[in-house]
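Chains as they are written, first to last, in the numbering used here: chain A, 1313 to 1642; chain B, 1313 to 1642; chain C, 1313 to 1642; chain D, 1313 to 1642.
For the record, the hints were derived by calculation from the structure and aren't laboratory data.
You can trust all of the hints, since none of them are fake.
Just so you know, same-sequence chains aren't split out, so a pair can sit in one copy or run between any two.
In the BS3-like style, the derived pairs of lysine-lysine whose C-alpha atoms are separated by at most 27 Å in a straight line are:
id, residue 1, residue 2
1, Lys1344, Lys1540
2, Lys1465, Lys1525
3, Lys1559, Lys1454
4, Lys1570, Lys1540
5, Lys1540, Lys1572
6, Lys1540, Lys1633
7, Lys1344, Lys1559
8, Lys1465, Lys1454
9, Lys1346, Lys1454
On a predicted model such as this, the values are computed, not experimentally measured, just so you know.
4 protein chains.
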Amino acid sequence: MHPTILDAFIRTNGEYSLPYGSDEWTERAKEKIKEACGSTEAQVFFLTGGTQTNATVIHSLMNSFQGVICVDSGHINTHEAGAIERTGHKVITLPAVNGKLTAETLDDYLRAFFADSNHEHCVIPGMVYITFPTELGTIYSKSEISTIYDICKRRNLVLFIDGARLGYGLMAEGNDVDLPWLTAHCDVFYIGGTKMGAICGEAVVFTHNNMPKHFFSYVKQQGALLAKGRLTGIQFDTLFTDGLYFKIAQHAIDMAMKMKAMFTSHGYGFWGDSPTNQQFVLIPDSKLARFQEHAAFDIWGPDGNGNTICRFVTSWATTGKDLADLEHIL
Amino acid sequence: MHPTILDAFIRTNGEYSLPYGSDEWTERAKEKIKEACGSTEAQVFFLTGGTQTNATVIHSLMNSFQGVICVDSGHINTHEAGAIERTGHKVITLPAVNGKLTAETLDDYLRAFFADSNHEHCVIPGMVYITFPTELGTIYSKSEISTIYDICKRRNLVLFIDGARLGYGLMAEGNDVDLPWLTAHCDVFYIGGTKMGAICGEAVVFTHNNMPKHFFSYVKQQGALLAKGRLTGIQFDTLFTDGLYFKIAQHAIDMAMKMKAMFTSHGYGFWGDSPTNQQFVLIPDSKLARFQEHAAFDIWGPDGNGNTICRFVTSWATTGKDLADLEHIL
Amino acid sequence: MHPTILDAFIRTNGEYSLPYGSDEWTERAKEKIKEACGSTEAQVFFLTGGTQTNATVIHSLMNSFQGVICVDSGHINTHEAGAIERTGHKVITLPAVNGKLTAETLDDYLRAFFADSNHEHCVIPGMVYITFPTELGTIYSKSEISTIYDICKRRNLVLFIDGARLGYGLMAEGNDVDLPWLTAHCDVFYIGGTKMGAICGEAVVFTHNNMPKHFFSYVKQQGALLAKGRLTGIQFDTLFTDGLYFKIAQHAIDMAMKMKAMFTSHGYGFWGDSPTNQQFVLIPDSKLARFQEHAAFDIWGPDGNGNTICRFVTSWATTGKDLADLEHIL
Amino acid sequence: MHPTILDAFIRTNGEYSLPYGSDEWTERAKEKIKEACGSTEAQVFFLTGGTQTNATVIHSLMNSFQGVICVDSGHINTHEAGAIERTGHKVITLPAVNGKLTAETLDDYLRAFFADSNHEHCVIPGMVYITFPTELGTIYSKSEISTIYDICKRRNLVLFIDGARLGYGLMAEGNDVDLPWLTAHCDVFYIGGTKMGAICGEAVVFTHNNMPKHFFSYVKQQGALLAKGRLTGIQFDTLFTDGLYFKIAQHAIDMAMKMKAMFTSHGYGFWGDSPTNQQFVLIPDSKLARFQEHAAFDIWGPDGNGNTICRFVTSWATTGKDLADLEHIL
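Isolated chain A, as found in the complex:
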């Protein structure tokens, strides 16, 4: 965890507090997040991790017969072990472009769906799920999100934005989205902590006073309620003090851009063009073993041209020395 968060744990450990999220840090963190979102009608709830958050939020906002629309590469479709289906809901997949759902794809699907006279035999869409940034590290523009949100409103669908890596999107070069704008242009999103310097924690933001009644019960029923809610409260209180959340993101982006430039200057290509802290580098298969010996990264699979797609991720903990060490093996 980020040292400032560790400091907060050290500073507060002697203090008593109420359980289950009724502690003062949780309250304060909620207020700070609402302020950062520029909204008085936003409602905030802290959960522990991404899959848990996706399952809880999606289930709480849909009727049992509804499904959630998502691109085929969407996290809930690929890497959550069926957590959404376990809550009884279908993940309805549409093809992605650069990891993103396009308004056109969504619109075409919905138009065809409701035009089909047999659609009551099908899973009725109740929500659109997108990730910001996407699983490929790409980001949506204001224009793209607001067009999707307009479609959702017209079709009575909830727009839910998975922000497990939100900060890295907000700080990316070329990004035009900020927290207040995002708050105004979707129904619910979350501010990822786990991948942003916290040891765990995601801050769900219901944007328009639309937290489901008894959301607390949904959380408890999912097994997602922390007895010592201060665990997430203290962390988000810290992350939203003096802009720490954004500084962490900015540092990781800076390191990622340096790393990207470094790979580029050594002649490496990329799988997609990511402006965020995840870079998908094409490593020639012949060099792969050397990389695996000296660096920590994920293997995404072959690119079909003699390279392996390798995911390199930066964070608050990435240092200039780390990059220098990496350069030695390029």
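Position chains B, C and D relative to chain A; hints supplied.
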């Protein structure tokens, strides 16, 4: 319902019987089906309809973390209102060729899946679901099914064949599959009654003494247990007496082939080439209203070339006069 | 099935109809039931059996965090193999008096529940489920039901009445409830067909224009939608023509009262005092084998005093000769 | 969190580690727990909180048609918001004696259940769940647990012991159970961390090499997998170094016994007789406001005799000064 089934209801209505499938007709129907399947180790259970059968069978044979593989056009993926996901399982979709799952597609998917070191974060495949005939009216050959079954056995997957329209596949021209062969080449399948002259009813066949322990409880828990089990017992006892099931199928196929020839001779095209009782005819949009006025069929959607794909289905009840009437509007 | 229903199947078998409940008999049966309920805002849907109906209705009317209140002897708590829990909802049990939920028990429970400051950690009650008649054959009075309904309205709970054997309650001696009154004094109930002369079928009545949106999808997702909806449509059309439903019930009650008098005159006692078609007779253990040899009944368990509680049930099919035969073994 | 745990976070924060529980602390903690359990075939997995653990373990070890037996006051029945039912399983309740399930109650229930010829219509028991110590602070003896375990083995039921407060039971005066004995006398249990000095965390112990295949997937699907698994790994590594876990428990028990004596000497009565760190004190209603002003405790409800049952809990953080302050208001 087919008149012979109605006769059986008339003949038996005065007789007492035990409830919940313990009646004599149910027992007798099971024996006749096992005989038709040429198997002493097959186990038979009667359910009411296709979606109910798919949900009950799939749920009973998979662990909660497993998903069922199916082509994108598969019935459980498209027209069952999320009944499978409601039981907690993901439907994992692969692209179809002529409505069919190919061994190559399946094998490639499984190889890539298990090669991925992160696959424990994904839904683990537990079953392969295919339909015979498919939603497009096409059929699998022996060679295609046995190759898929071999892959399933190698990967420890259950092979489940949805036979809601099974008879029409078995009687189709060019088909080389029969009941005993099918029984030997999958783990579970069902013999559809609802679309084969019964008022309701599907006969599930667990092929190798592999009915899950307490399957009765699974059925009851699904709300699928008939108090008066004779409703399905009498029907299947009748369908499997004197080959009625196959005669019904043969008649429908004969009518379908005549209808197909009729459409062809009048210059109509088809969406796919179906040898079964479902024919997907391309009706020029200009003629659609006329058809809708005089005939009963389903609209499948536009073909993109000025035609509407229309599904015409024959059955035991289709007569030569029906075809003659249809010809008048071609 | 009752001969009049069989006649209806014979009479209508040659006619074509639309599938999935869009047939004319289904439409007509709905209208007749609404008329019998004296309500223009009632909405009717046909399902196949009791457990299926309970699971579908309960799930469709509750949020996922809610539970359904029921007496410990209630059918959903004892004999439905966990079908309600399978849909994700807890069955909250309260003690019964003569098989019935009392207003006092309910009120005490709810008062204590909402007074508990930790109740958000508990399952929040969303519905009250009662059976009419009960599993012990007893019936609620108007006064009892309306007091319970008042509590439900005050606490924002749905009142759902399981009428799998409804007719036998309505025709019982001493009963003051009728269909229009019942329709006005609960949120949803069903008119059982399976145990009233139908081969299968239950008619769900949402009493106040409160059928959940997309109830059709809930039904389909449960695997409870009949492709040939006429199966239930024809039966209920028949049952609600010329008062057949009530005649069937009256005959069974008449036979049950004769049987009760017969047992009484031979010195047998009863487990509870049932005015309906189920009689729980105390058979001395020494005579049990003799009964089992000559009569068909269910064993409910020992009474602790050397008798076995045995359930004898009458129906439309019970004849005077059946009773005479029974008397020979008393 | 306990200061020694905080120290461990400080000491390790600069170190890199693998995610999802593949870190070295997690590995080391597992080994230490296995050693404390005196078992080489035990398997350990870390989860975050009690309800999550109960839901995940119960669901992973039962078939979908099975239910879990528990006393009516059991935590899964009362304070988990229906988390077990959400996974599809019924909680089958039996009456408690002093918060405990007795072997006789269990045996009687099971005998009657399997003697009932209709039991396939009921929820089939698959597991027995008990808590140690119980929700009333009472503890089971070796003799009680082993009798229950024998019944479970005879009936093919899993015995699962919820040890959210396990340490307080193990250190209680009069207790004869220890970790190795417990490991040998049940199928699965957990060692609670959250209520024993950790900020979060429960260590599940599958005692006989019986962790379900793909338990990792069950955890992920439940949304219970921590990306930074070191959060629980570091804590349990610390708790099981130099007997910290047992020291924390012993301190809390010592404080609880002093508090109990203090209340007793001032004439207060108790609801039950708890030898553990939870004391249920009967506070006269007239004094309640004064207590609420000066002390932190939970209200359990009225005792019916003019007192309120109040739960006072001690922990590692309870000091002599805390007790002295409390004494001032007695």
